[in-house]
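Undergrad: Required output: the full structure, derived from the provided sequences and hints.
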Amino acid sequence: MGRYVTLLRMQLRASALLAAQYRWDFLIDGALSLFWAATAVIPLFVVYTEGRASIPGWSFDEAMMVVGWFILVQGVLEGAINPGLAAVVDHIRKGTLDFVLLKPADAQFLVSTSRFQLWRVASLLTALTIFGVVFNRLGRAPALLDIGLSVLLMWVAVLTLYSMWILIISAAFYVVKIDNLNYLFTSIFDAGRWPISVFKGGLRLLFTFVVPLALMTTFPAEALLGRMGSSTLAISVSAALVFATASRWVWRKSLRHYTSASS
Amino acid sequence: MISVKGLKKHYQVKQRPPGLAAALTALFSPQTKTVKAVDGIDFDIEPGARVGFLGPNGAGKTTTLKVLSGLLYQSDGSVTVDGHVPQRRDAAFLKKIMLVMGQKQQLLWDLPPSETFELNRAIYEVPRPAFDQRLAELTELLELGDLVNKPTRTLSLGERMKCELVAALVHGPRVLFMDEPTIGLDVSMQVVMRDFIRRYNEKYGATLILTSHYMDDVAALCPRVIVIDKGQLSYDGSLEALAKKVRPEKRVTFRWSSAVDPEVLSRFGRVVSSQAGEAVFQLPQASVKDAVGKVLATLPVADLTVENPPLEEVMSELFSRSRAAQKPVEAAS
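So the protein lines, in turn, are chains A and F. The numbering of the first sequence is our numbering, which starts it at 1 and goes up by one. The numbering of the second sequence is our numbering, which starts it at 264 and goes up by one.
Some clues are possibly wrong.
As the list claims (entries may be wrong) - No farther apart than 20 Å at their CA atoms in a straight line, the calculated lysine to any residue pairs in the SDA-like style are these:
1) F:K359 / F:A393
2) F:K359 / F:E381
3) F:K296 / A:T259
4) F:K367 / A:T259
5) F:K296 / A:H257
As the list claims (entries may be wrong) - Restraint-style ranges between C-beta atoms, simulated for each label pair:
6) A:T245 / F:K271: 29 to 35 Å
7) A:H257 / F:G346: 23 to 29 Å
8) F:Q350 / A:L17: 32 to 38 Å
Stated by the list, open to error - Rough simulated footprint, nothing fancy, chain A against chain F, three-plus residues with beta-carbon under 8 Å:
9) 329-336
10) 365-375
11) 384-397
No wet-lab data here; the hints were simulated from the structure. Owing to the predicted nature of the structure, the values given are computational and were not obtained by experimental measurement. Where is the CB? At the ideal position from N, CA and C, for every residue including glycine.
TA: Printed below as a string of structure tokens:
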């Protein structure tokens, strides 16, 4: 375990060095991160300033909480999950995954931690700012237990999202080009900025059970607002564990399918 | 050290004829064929040996190397490397081996090679003192100097390849798999790499398996060669014996002290080439003495050399013979 912490530290260091390598890239990347984090709240303003409080069961402030979680989880996806895993597709195509598989360490860990976009920390700061503003407007502070629960649910959300990404990347072992799949999921993920009650019927089922966006943004927001039931917590944790186990199994199975690129 | 018995690696490959209609048909009813990349080969390699894999492109050399290093699962047969089953890829096995591929790189492109070395040190759990000592030694042997601190992307191909070697050796592997390590390098860099590989092998007793299309690499490094062609082992022994077997002739070059009528040359044996002032004969070994005596007695010889035919030609002949002799090994399914 200690060894993997050391490896994570070294991989983070390499990402930091990489980010600092090109001065203009570094500055532009930083500015873009702040810009995207700020634009994530715009759709909500559009809906609520037209005078139609159109999300049943959610006031503007409460819906803003979901946006905060969406920004946070999206930041984790773009900063920590996607950079490393997206490189796997290239590794498979060029055959350089060989070098990862020849290392005496877990291949899934090595590829997952191979690259970070450190500027996406801006998303975390934006999300925390939103939480602060929301509670300020609500005129109260979150309960300690609710903070604890929402932190737990944040890890549940990250684990679920990471597992889904592993499942998508694993498809690259079979079909090599998965750009469309990646694009599709990124588009679907965008729906996570809305509370789940916005969606009806099939979409609601889809975003709760198949692509569990509810678990990633709505449930943590409910937890922080202090209105999440214990059954929701149990379902979230169980779902994350199921996704994690399934994705690990699929990843290992897919590795056996790896044929490497010829020299 | 390495034992391979009945190794087979077959792939299912999708196949379709050219044209739009065929492409549409293939969408709904894809045709596959079995490609027998490796089709039943056996060999054993002693610890510390240097062995060259030879064969034309697509012969199965790299596939065999990848099965030995645990990257590919064989379809049949058994493989052990220093008592390990490579496909299990257990940490103890991976710490004993390395794979260098001339056409692929593991160095972090935008960072200096020293960063990759450090990362590998952590991954292979090499103690700091051992790492520092080994790195200093490798850096000196390969005359890397300060190059390891420049971003990889700014290095020349030869410099990058040297750094690739260091990255692959920081954990002190005992089995070296090298797939065309000198490809694209200039002649002097090829010599540096060969010298380095030989010295590493001699100093640490590491076992080496090398594939290369440069016959000079194989001649300089590998007393034993294994020829793989169309997935099958067609020769296992010394390079010299292989050359004699394929081309038992000697190549005799004469330089003339005055002009010689090219028409008369064929009387003495098979003429390979004839230019102003020089002629090259290819002669059966038994008749070299006799033929050379006759030429010396009748023509104005200034100088002569007797050599084995170039290894490239020997290999080219070997592979073209095997192409002519063997039927295709793909079977449609």
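Undergrad: Work down the list of hints and note, for each, if the structure agrees.
TA: Now the hints, each set against the structure:
{"no.": "1", "hint": "F:K359 / F:A393", "in the structure": "15 Å, holds"}
{"no.": "2", "hint": "F:K359 / F:E381", "in the structure": "18 Å, holds"}
{"no.": "3", "hint": "F:K296 / A:T259", "in the structure": "16 Å, holds"}
{"no.": "4", "hint": "F:K367 / A:T259", "in the structure": "15 Å, holds"}
{"no.": "5", "hint": "F:K296 / A:H257", "in the structure": "17 Å, holds"}
{"no.": "6", "hint": "A:T245 / F:K271: 29 to 35 Å", "in the structure": "34 Å, holds"}
{"no.": "7", "hint": "A:H257 / F:G346: 23 to 29 Å", "in the structure": "27 Å, holds"}
{"no.": "8", "hint": "F:Q350 / A:L17: 32 to 38 Å", "in the structure": "35 Å, holds"}
{"no.": "9", "hint": "329-336", "in the structure": "holds (count 6)"}
{"no.": "10", "hint": "365-375", "in the structure": "holds (count 8)"}
{"no.": "11", "hint": "384-397", "in the structure": "holds (count 4)"}
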